[in-house]
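Protein chains: 2
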Amino acid sequence: MGEATAGDGGEVVTAAVLVIGDEILSGRTKDRNIGYIAEYLTALGIDLREARIVPDVVSEIAAAVNALRGRYTYVFTTGGIGPTHDDITADGIAEAFGVPVHHDPRAVEILKAYLGDRLNEARLRMARMPVGSELIENTVSKAPGWRIGNVYVMAGIPSVMHAMLDAIAPTLRTGTVIESRTVEGRGIKEGDVGGPLGDIQAAFPQVMIGSYPHFDGNQFTTSLVLRSRDTAALDAAEAQVRALVERLLAEVRP
Amino acid sequence: MGEATAGDGGEVVTAAVLVIGDEILSGRTKDRNIGYIAEYLTALGIDLREARIVPDVVSEIAAAVNALRGRYTYVFTTGGIGPTHDDITADGIAEAFGVPVHHDPRAVEILKAYLGDRLNEARLRMARMPVGSELIENTVSKAPGWRIGNVYVMAGIPSVMHAMLDAIAPTLRTGTVIESRTVEGRGIKEGDVGGPLGDIQAAFPQVMIGSYPHFDGNQFTTSLVLRSRDTAALDAAEAQVRALVERLLAEVRP
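Just so you know, the sequences run in chain order A and B. Going by full-length UniProt numbering, the first sequence opens with residue 1, and the numbers climb by one from there. Going by full-length UniProt numbering, the second sequence opens with residue 1, and the numbers climb by one from there.
Simulated from the structure, these hints should not be mistaken for lab results. One thing to keep in mind: the hints can contain errors.
Since the list gives no way to pick one copy over another, a pair counts as held whenever it fits inside one copy or between any two copies.
[Said to hold, decoys possible] Once the Cα atoms are required to be at most 20 Å apart in a straight line, the calculated DMTMM-like pairs of lysine to aspartate or glutamate come out as: (1) 30 <-> 137; (2) 30 <-> 47; (3) 112 <-> 134; (4) 142 <-> 230; (5) 30 <-> 216.
Given the structure is predicted, the values throughout are model-derived calculations rather than measurements.
With the rest of the complex left out, here is chain A (with noise of 0.2 Å):
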């Protein structure tokens, strides 16, 4: 959507999600954190601006959390808080922010409350997390997330994470939330659309307009989205679109 701005001079705040998990990046297991998690901001008026995965190394989770903390509102980091050797969040987080991990006494009370005598040594790892840390109540399987500086760490296995978003969500700034509008372009081909769609989006800079083309095996489709903080100009860019939408078809049609 070129470099056009959002703004029409609501606040904006912004995120940035990083996956942490070698078995993404192996291709075993898709992500679907990502996906929810955007939708899920752009529903609060949060912009997310860049996701990252990276390998399960300190060094590497490290330099992604230093990367990104410094430049959006807030971090979201999914998976690698478990009680296996694999789980090193706790690590490179803590690495990233020059603070030693400990094993935080709320999260130790509230795993022995839930666990009993099966609180081990491997699940007293769950308790592990950079000093400094608040805990992100788990209504799922008890073993807290936790959040240190801008940084909201969660974890991986999306019903977790899904309930460790609800109990941040009420936390977080939220911004002015984007309005969104489609444009279903039906038999419309993206290149004969392109040209004019350029010339939309060139007189409505506050705009952002997409062009996402589909084939269904039978025809093409155009969505057309236009987004916006400001509802007047999208209602004028729409009505653009839709007239040159209202055109094409004319063209086609015989």
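Position chain B against the provided structure of chain A, taking the given hints into account.
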């Protein structure tokens, strides 16, 4: 999988994926390309080490390409090479390499031959690429991808990306394929396997051992995945993991 190394001295070829597109970051479109490329490269013996998703902003694309291309053997990008104004991948990658963008004459010929009268100014955008690029064949919809240096630029539409990856694959340097073994710990919880599994990992640094829990609503399963380029070490580690799972199951059974 900790910071275990995968090596038995076999050649290690590395890669990064860069997904370009506001529609992925807004959550409107769910990325399926990273997982596909990850599996594809793993099968070729190429280690995917990192993935990033960036918006349709020239400077962001350029910065990510420059961060990745010096670090990994190959960089594969998807998205942003279509005919509309929001397709600016060519500009971002040209900026990264410090070269101008032109209409590649070979690409123009391909588009002319395929599109005839339909080759308008918007569709001509699909021939735009940095000077010095080589074409990547597109058997699906003709408009080619391109390579400059170690950066391979592919379409975002999955079917077209798949065809381009098939065209690229025979030209890639590949490494020793990482063998993978999975021991399914049905009825076993991660917290029970974690301690002894960490000991096995410590004993086999040349094997990457990962632990992936699932809950099907009825039973916990912990998949234990061993990966290595060293078959003998993999055999030995797998035997120990299988014995561990048997021992734990014997404890669970009444």
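Outcome of the hint check:
{"no.": "1", "hint": "30 <-> 137", "verdict": "neither (25 Å within a copy, 27 Å between copies)"}
{"no.": "2", "hint": "30 <-> 47", "verdict": "between (23 Å within a copy, 16 Å between copies)"}
{"no.": "3", "hint": "112 <-> 134", "verdict": "within (18 Å within a copy, 60 Å between copies)"}
{"no.": "4", "hint": "142 <-> 230", "verdict": "neither (42 Å within a copy, 38 Å between copies)"}
{"no.": "5", "hint": "30 <-> 216", "verdict": "between (24 Å within a copy, 17 Å between copies)"}
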